[in-house]
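Novice: Here is what each chain is made of, one letter per residue.
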Amino acid sequence: MAERKHMSMSTKRRIGNVASYVTLALISIIWILPFVFLLLRSFDVGNTGPSSAIFPEKFGFGNYIYLFTAGADFLKWYFNTFIIALVVCVVQTAMQFSMSYVLSRYRFKLRKFMMNFMLVLGMFPGFLTMIVLYQVLKTIGLTGANAVPGLILVYVASSGMGYYVSKGFLDTLPKSLDEAALVDGATRAQIFVRVILPLCKPILIYTVLTSFMGPWGDYVFAYTVSLGNEAGMNVAAGLNSWLAPNMINDHFAPFCAGGVVVAIPVMVLFLFLQKYYVEGVTGGAVKG
Amino acid sequence: MKNYTDLELLRLSKAKRTGHKIGVTFRSIPGKFKRLGIKIGLFFKNLVFGIGHWFRDIALTFVRGDWKTKVSYFVMGFGNVSRKQIFRGILFFFFEVIFILYMALFGGRYLSKLYILGTNEKTIVDGVELPGDNSFNILLYGVLTLFFIVAFIYTWNLNIKQNRINEQILKDQKQLDTGKDDLRALIDKNFHKTLLALPTIGIIIFTVLPIFFMILVAFTDYEASHSTFFGWVGFDNFGQLFNWSNSGGSKFSMTFGQILLWTLIWAFFATFTNYFIGMLIAMLINKKGIKLKKLWRTVLVFSIAIPQFISLLFVSKMFTTDGIINSLFHTHIDFWNNQWSARICVIIINLWIGVPYLMLVVTGILMNIPKDLYESANIDGANGFQQYTKITLPYMLFITGPYLLTSFTGNMNNFNVIYLLTGGGPETQAYYQNAGRTDLLITWLFKLAVNKGEYDFAAVVGILVFIVVAGLSLIIYNIIPSTKNEEEFQ
Amino acid sequence: MKKYKYILCLLPAFLLASCNFSYTYVIDGVEMGEADEDEDDFDDSGSYKIKVWVDQKIKTLTESQIEAFVTDNPKYKITADVQAVSEGNATSNMLLDVSDGADIFVFAQDQLARLKVAGALGKITDKFADFIVENNSADSVKAASLSDGIYAYPLTSDNGYFLMYDKRIYNENEVGNISTMLNKIKGTNSKLYFKAQSDGFYTASYFLAKEKDHPEQDSLCKCDWDLDEITGQFTKYSDTFGDDNGLIAAKGIKEIADKALVASDNSVSKFAPGTGSASGTTAAAVVTGIWDYEAAYNRLGIKDDKGNIVDSYLGCAEMPCYKVGDKEYHLGSYDGYKLMGVKPQTTKKRTSVCRKLARYLTSESCQTERFHEVSWGPTNINSSKNPSVLSHPGLAALAKQHEYATQQGQCPGDWFLSLKTAAGSISANSTDAQLTQILKNYKDGLKDLLSDAD
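Sequence order for the protein chains is A, B and C.
Residue numbering for the first sequence follows our numbering, beginning at 31 and increasing consecutively.
Residue numbering for the second sequence follows our numbering, beginning at 21 and increasing consecutively.
Residue numbering for the third sequence follows our numbering, beginning at 17 and increasing consecutively.
Note that these hints are calculated values from the structure, not bench results.
One should not assume that every hint holds.
Pulled from the structure, derived: some chain C residues nowhere near chain B, Cβ distances all over 10 Å [stated by the list, open to error]:
{"no.": "1", "residue": "Thr76"}
{"no.": "2", "residue": "Asn199"}
{"no.": "3", "residue": "Gln450"}
Here are some of the chain A residues that sit facing chain C, going by a computed Cβ distance under 10 Å [to be verified]:
{"no.": "4", "residue": "Asn47"}
{"no.": "5", "residue": "Gly76"}
{"no.": "6", "residue": "Thr173"}
{"no.": "7", "residue": "Ala175"}
{"no.": "8", "residue": "Ala261"}
{"no.": "9", "residue": "Trp272"}
{"no.": "10", "residue": "Asn276"}
{"no.": "11", "residue": "Ile278"}
{"no.": "12", "residue": "Ala283"}
{"no.": "13", "residue": "Gln304"}
{"no.": "14", "residue": "Val308"}
In silico DSS-like links for lysine-lysine, alpha-carbon gap of 27 Å or less [as the list claims (entries may be wrong)]:
{"no.": "15", "chain 1": "C", "residue 1": "Lys416", "chain 2": "C", "residue 2": "Lys238"}
{"no.": "16", "chain 1": "C", "residue 1": "Lys75", "chain 2": "A", "residue 2": "Lys106"}
{"no.": "17", "chain 1": "A", "residue 1": "Lys168", "chain 2": "B", "residue 2": "Lys181"}
{"no.": "18", "chain 1": "B", "residue 1": "Lys142", "chain 2": "C", "residue 2": "Lys365"}
{"no.": "19", "chain 1": "B", "residue 1": "Lys472", "chain 2": "C", "residue 2": "Lys158"}
{"no.": "20", "chain 1": "B", "residue 1": "Lys311", "chain 2": "A", "residue 2": "Lys142"}
{"no.": "21", "chain 1": "C", "residue 1": "Lys183", "chain 2": "B", "residue 2": "Lys271"}
{"no.": "22", "chain 1": "A", "residue 1": "Lys168", "chain 2": "C", "residue 2": "Lys365"}
{"no.": "23", "chain 1": "A", "residue 1": "Lys42", "chain 2": "B", "residue 2": "Lys308"}
{"no.": "24", "chain 1": "A", "residue 1": "Lys142", "chain 2": "B", "residue 2": "Lys59"}
{"no.": "25", "chain 1": "A", "residue 1": "Lys42", "chain 2": "B", "residue 2": "Lys313"}
{"no.": "26", "chain 1": "A", "residue 1": "Lys42", "chain 2": "B", "residue 2": "Lys314"}
{"no.": "27", "chain 1": "A", "residue 1": "Lys88", "chain 2": "C", "residue 2": "Lys319"}
{"no.": "28", "chain 1": "C", "residue 1": "Lys65", "chain 2": "A", "residue 2": "Lys168"}
{"no.": "29", "chain 1": "C", "residue 1": "Lys139", "chain 2": "B", "residue 2": "Lys142"}
{"no.": "30", "chain 1": "C", "residue 1": "Lys456", "chain 2": "B", "residue 2": "Lys472"}
{"no.": "31", "chain 1": "A", "residue 1": "Lys139", "chain 2": "B", "residue 2": "Lys181"}
{"no.": "32", "chain 1": "A", "residue 1": "Lys139", "chain 2": "B", "residue 2": "Lys271"}
{"no.": "33", "chain 1": "B", "residue 1": "Lys65", "chain 2": "A", "residue 2": "Lys142"}
{"no.": "34", "chain 1": "C", "residue 1": "Lys183", "chain 2": "C", "residue 2": "Lys202"}
{"no.": "35", "chain 1": "B", "residue 1": "Lys142", "chain 2": "A", "residue 2": "Lys168"}
{"no.": "36", "chain 1": "A", "residue 1": "Lys305", "chain 2": "B", "residue 2": "Lys311"}
We put the beta carbon where it would ideally sit given N, CA and C, even for glycine.
Construct all of the structure, not just a fragment, from the sequences and the given hints.
Specialist: Here it is as structure tokens:
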């Protein structure tokens with residue numbers, strides 16, 4: 031009797047597992063299909079416009095070659111975006127983390143006010159300010175062909191507002207750490223650099239990762255700031271110009287190829303640093 | 021409703037107990053609103069009193085201070101320098117000089133025009149542009165100047181406060197901080213100020229100032245067709261939108277209401293479908309006995325790693341009448357041209373974007389649920405579903421409550437998914453100027469501003485969006501029980 | 017004590033100061049030329065940096081044309097910054113920021129008034145205006161004019177649409193009628209690609225239709241907008257799209273609401289390849305403009321063994337007819353022109369040079385060159401008479417369609433959206449009552465498009 035029950039339990043479990051595997055496989059297929067389609071489209075050299083066919087008419091690397099030859103501005107856009115992402119991820123992490131650190135570790139008069147104020151600011155729809163920011167950037171000469179430093183400035187300037195996640199993490203570090211170091215005669219700056227920073231590796235990596243990914247996807251603002259100047263565009267703005275009615279008929283497949291090339295570094299980074307990303311989003315969600 | 025004691029409550033049947041709890045929650049809402057009102061009232065009271073106190077302090081300091089302090093009212097930093105705080109004194113003085121120069125050379129000019137935003141329009145004579153007043157610049161630099169004046173008053177006040185404090189310190193026969201002390205404090209006692217300096221300046225210049233500017237724009241007639249010459253119109257824009265003066269207004273307010281409704285519905289579904297499906301998938305992957313956990317997770321995470329402007333644009337093309345989906349199934353469904361199919365599609369495709377994110381979040385939290393809870397449930401003979409409803413779900417909801425709220429407001433402003441998939445369409449005749457059935461307030465605002473150049477109306481809608489989002493958050497944050505205490509972990 | 021606060025206050029001060037220096041520089045940088053307009057007396061030689069926005073397709077061509085201009089006029093040292101900006105984006109960029117926009121740019125004619133009001137165009141006078149009138153077709157000059165004068169240089173005459181079809185599916189006689197066309201592709205994998213239900217510019221073709229073989233008659237419907245050319249506000253409209261004749265058009269649209277036969281798109285890449293085979297949905301015919309001609313020709317190209325295109329299955333025809341009741345109506349279209357604009361400059365010298373450059377770029381030689389390079393139809397009278405222009409199948413189809421076309425006036429951009437919305441809500445089994453209601457809603461919505469009464 032006991033034997034049979036055990037059997038049935040394990041059979042049940044096995045059936046359950048098979049069902050789970052089937053579900054997971056199905057979900058994975060749904061999730062991955064668009065990428066497969068995108069990838070297939072990017073290899074189509076027979077029809078480089080939009081097509082309803084799933085498989086390429088003619089398989090080849092022509093679209094990728096097109097991206098990397100002098101004819102297309104893709105390399106420039108890619109380089110621009112890469113520079114932006116690189117600078118932004120360093121500066122933004124520094125600024126965001128400084129803000130989080132102060133808000134988490136210090137208690138000063140304006141602290142509550144600052145936190146509430148930033149919360150309220152975050153509720154304004156960002157697009158509204160686009161026109162003003164454009165004009166501000168223009169006055170300091172950072173639009174058009176010089177859009178890259180301008181975009182960096184804008185992405186970076188308000189990074190303090192995104193302090194929540196890191197602050198949540200810092201809140202979990204015991205205050206006794208700081209106090210012990212203070213007793214040992216360390217300055218505040220020394221505590222920050224020597225005690226706190228090393229402990230924050232996961233959240234720092236998370237911040238770097240998210241701030242590195244951000245600039246790759248921004249289209250609306252990047253396009254506005256470049257004001258149609260290819261030299262100042264990022265990949266999103268540039269690739270989108272290939273979808274204009276008079277371009278799309280022979281540029282859709284290169285667009286897909288560009289998409290794949292853009293996705294690769296982000297994806298590779300993501301796969302390597304997934305662990306930290308999970309930690310970050312979890313922490314962020316828990317601390318809200 | 022009857023009030024029960026704890027003991028009585030325990031004796032009730034389960035259904036009644038739950039009913040009672042819900043009742044209590046709802047009954048407490050008016051009280052919470054009241055408290056919220058009081059809070060806001062107190063804030064303004066403190067504000068008014070604070071200003072009053074400030075004036076009194078300033079006056080008292082002048083009357084009671086010595087001559088050095090009195091001079092400092094006009095020559096900033098004089099008190100510091102004369103009391104041998106050269107470094108600080110010079111900084112104060114330098115700031116004052118810059119301020120005066122700025123006001124004399126530029127600021128004053130803009131400030132004086134701010135009230136009318138320019139009087140002579142630029143003209144074009146035979147292809148040559150004769151410059152006139154640029155209202156945009158007047159407004160922008162006027163606002164900058166106002167910010168600068170506030171900063172100056174703040175510094176001036178600081179300067180006076182320092183005099184007061186220094187006098188006190190000297191009276192107590194103590195030492196004043198030297199410049200060296202000041203610098204030292206920057207990496208020690210005042211280290212937080214060093215750290216905050218750059219982020220705060222960034223936020224003020226690139227967020228606060230532009231927002232302030234755009235709020236002002238709602239009270240002008242700034243539009244693309246006369247972008248350098250416009251003026252104040254007071255509340256006219258608000259009036260036009262809400263039928264105080266204009267016949268088209270009612271349709272506008274109807275459209276606003278409809279779009280707001282859809283925005284809320286969308287935010288609700290986008291948040292909760294993601295939440296539950298993400299949780300289910302995470303649990304599936306974390307189930308005991310499932311292998312290749314990392315692979316499953318990685319596959320899903322693909323959709324986070326690819327920039328949305330590529331993946332979403334591509335997916336939106338997949339769903340056209342001659343797109344891959346219709347080709348695959350030999351159908352001819354016009355997904356994007358029917359309001360219901362379009363709305364359902366955006367919610368479903370949003371799953372594809374949002375679920376992996378939730379899956380990661382939930383995975384992390386699931387691992388933190390104390391294992392003994394499940395063990396004792398097992399002993400009690402609870403089945404999987406019961407364990408889910410009794411342990412997993414309540415725990416998750418408790419932990420992620422605040423997150424759900426932020427993602428709700430985040431979804432209300434989820435520009436990318438809507439704009440890249442449908443562009444707001446399908447457009448309808450029922451809406452003002454053919455706004456679309458899947459338009460969110462944020463995409464509508466974007467279209468108003470960028471496609472039509474109606475910056476003034478966009479600013480009005482922006483303010484309304486802010487009021488809606490802020491109001492919702494304010495109410496929700498104050499009414500639901502706070503699950504997190506900041507100091508809890510430290 | 018509060019060190020960081022000093023810094024906090026100082027930094028914006030420097031920023032402010034620097035902002036203002038550059039701002040004043042712009043204001044004070046204006047110098048006024050004294051000399052009169054006459055080219056010979058007026059010394060405008062010198063070096064200039066000129067920003068030009070043209071379509072990606074003619075970017076390199078424009079660069080070489082500007083070089084040629086400098087070679088002909090060595091007294092100018094022109095550093096041209098030619099950027100690829102599509103016509104639509106050029107307009108929106110100019111509207112966002114005239115001062116940072118291009119000195120010379122290309123745009124679609126229906127944006128003329130908006131651009132003028134926004135200060136992106138100045139009136140063209142004297143010999144430049146004379147040049148435009150003398151050298152370009154009367155319709156194109158009209159397209160470049162507002163009530164008080166000419167504001168831009170006509171560049172192309174081909175911004176309208178016609179029918180491109182796959183000769184393997186249709187012969188010349190079958191493309192005259194939509195019903196015939198649709199019947200032929202019933203049950204196949206091919207569709208008619210026509211944006212009549214997803215883009216008002218194409219929807220209009222149903223309403224602008226004329227009775228078959230009666231090009232001299234008026235179009236079924238008309239919608240004219242009154243523009244206040246000072247404020248750029250649309251003040252009035254007279255519309256018959258929403259009236260009885262509009263119902264004829266709406267009934268016509270029902271036929272193409274069958275998504276199994278018609279796709280709301282205009283990509284010529286959906287044609288099945290001339291050599292080789294395609295899977296998925298393909299296009300039997302596409303309603304689009306000359307800008308897609310080359311891509312369509314190549315797509316349907318018949319390749320020899322070496323992969324060179326020797327011929328093509330591409331057929332071009334005027335728009336087909338649709339039948340409502342017992343009458344046949346020939347689909348109309350808009351005659352569209354692309355124009356080249358010169359932004360008002362800060363100095364008289366710059367204005368003079370930019371105008372001369374724009375005049376050159378829209379002259380006979382440049383238009384002909386552009387035709388050969390990208391097959392854009394010329395507005396220049398001589399260049400349109402060029403034999404290769406006349407024999408171009410696409411331009412020939414467009415020329416035939418011209419009889420049934422309507423000159424596009426100024427209208428609010430959202431009017432097309434209204435048309436599209438109306439057409440988009442028509443389905444294959446809409447009743448007459450429903451159609452009437454749709455038209456009524458359309459007509460009611462028009463007043464929203466009038467500029468908000470200030």
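Novice: With reference to the structure, classify each hint as holding or not holding.
Specialist: Tested hints:
1. At roughly 27 Å, the least C-beta separation between C/Thr76 and chain B is larger than 10 Å, which holds for a residue marked as non-interface.
2. C/Asn199, annotated as away from the interface, keeps every beta carbon of chain B farther than 10 Å; the closest lies near 17 Å.
3. Non-interface call for C/Gln450 relative to chain B: holds, since the shortest CB-CB distance, roughly 12 Å, exceeds 10 Å.
4. Against a cut-off of 10 Å between C-beta atoms, the interface hint on A/Asn47 is violated, since the closest Cβ of chain C lies about 38 Å away.
5. Checking A/Gly76 against chain C by beta carbon gives a least distance of about 6 Å; that is within 10 Å, so the hint holds.
6. A hinted interface residue such as A/Thr173 counts as satisfied when its beta carbon comes closer than 10 Å to some beta carbon of chain C; here the least separation is about 6 Å, so the hint holds.
7. Hint on A/Ala175 holds. Least Cβ distance to chain C is approximately 8 Å, under the 10 Å limit.
8. Using the Cβ-Cβ criterion of 10 Å, the hint placing A/Ala261 at the interface with chain C is satisfied: the shortest such distance is roughly 8 Å.
9. A cut of 10 Å between beta carbons decides the hint on A/Trp272: the least distance to chain C is about 9 Å, and the hint holds.
10. Taken as an interface hint, A/Asn276 checks out: its beta carbon lies about 5 Å from the nearest beta carbon of chain C, inside 10 Å.
11. The interface hint given for A/Ile278 is met, as the beta carbon of that residue sits about 6 Å from the closest beta carbon of chain C, less than 10 Å.
12. A least Cβ separation of about 9 Å between A/Ala283 and chain C falls short of the 10 Å threshold, and the interface hint therefore holds.
13. Because the beta carbon of A/Gln304 sits about 36 Å from the nearest beta carbon in chain C, more than 10 Å, this interface hint is broken.
14. Interface hint at A/Val308: violated, since its Cβ lies 36 Å from the closest Cβ of chain C, which is beyond the 10 Å cut-off.
15. The hinted pair formed by C/Lys416 and C/Lys238 meets the criterion: a straight-line CA distance of about 21 Å does not exceed 27 Å.
16. Under the criterion of a C-alpha separation no larger than 27 Å, the hint pairing C/Lys75 with A/Lys106 is consistent with the structure, at around 17 Å.
17. Only pairs whose Cα atoms come within 27 Å are accepted, and A/Lys168 paired with B/Lys181 is rejected, the gap being roughly 39 Å.
18. A threshold of 27 Å between alpha carbons decides the hint, and for B/Lys142 with C/Lys365 the separation of about 19 Å falls inside it, so the pair holds.
19. A C-alpha spacing of about 25 Å is found between B/Lys472 and C/Lys158, which places the hinted pair at or below 27 Å, so the restraint holds.
20. Simply put, B/Lys311 and A/Lys142 have alpha-carbon atoms about 47 Å apart, too far for the 27 Å limit, and the pair is violated.
21. About 49 Å separates the Cα atoms of C/Lys183 and B/Lys271, which puts this hinted pair outside 27 Å; it is violated.
22. Straight-line distance between C-alpha atoms of A/Lys168 and C/Lys365 comes to about 25 Å, which keeps the hinted pair within the 27 Å bound.
23. Between A/Lys42 and B/Lys308 the CA atoms are separated by roughly 13 Å; this keeps the pair inside 27 Å, and the hint holds.
24. Our distance criterion of 27 Å between C-alpha atoms is met by A/Lys142 and B/Lys59, whose separation comes to about 15 Å.
25. A C-alpha spacing of about 21 Å is found between A/Lys42 and B/Lys313, which places the hinted pair at or below 27 Å, so the restraint holds.
26. A hinted pair counts as satisfied when its Cα atoms are at most 27 Å apart, and A/Lys42 with B/Lys314 qualifies at roughly 25 Å.
27. Our distance criterion of 27 Å between C-alpha atoms is met by A/Lys88 and C/Lys319, whose separation comes to about 14 Å.
28. Taking the CA atoms of C/Lys65 and A/Lys168, the gap is near 18 Å; set against the 27 Å cutoff, the hint holds.
29. Distance check on the hinted pair: C/Lys139 and B/Lys142 sit about 15 Å apart at the alpha-carbon level, within 27 Å; holds.
30. With a C-alpha separation of about 24 Å, the suggested pairing of C/Lys456 with B/Lys472 holds against the 27 Å cut-off.
31. Under the criterion of a C-alpha separation no larger than 27 Å, the hint pairing A/Lys139 with B/Lys181 is consistent with the structure, at around 16 Å.
32. Annotation: proposed proximity of A/Lys139 to B/Lys271 is violated, straight-line Cα distance about 48 Å (limit 27 Å).
33. Between B/Lys65 and A/Lys142 the CA atoms are separated by roughly 18 Å; this keeps the pair inside 27 Å, and the hint holds.
34. Straight-line distance between C-alpha atoms of C/Lys183 and C/Lys202 comes to about 17 Å, which keeps the hinted pair within the 27 Å bound.
35. Pair hint B/Lys142 plus A/Lys168 holds up; C-alpha atoms about 20 Å apart against a cutoff of 27 Å.
36. Of the pairs offered as hints, the one joining A/Lys305 and B/Lys311 holds, with about 18 Å between alpha carbons and a cut-off of 27 Å not exceeded.
Hint violations for this structure: numbers 4, 13, 14, 17, 20, 21 and 32, all remaining hints satisfied.
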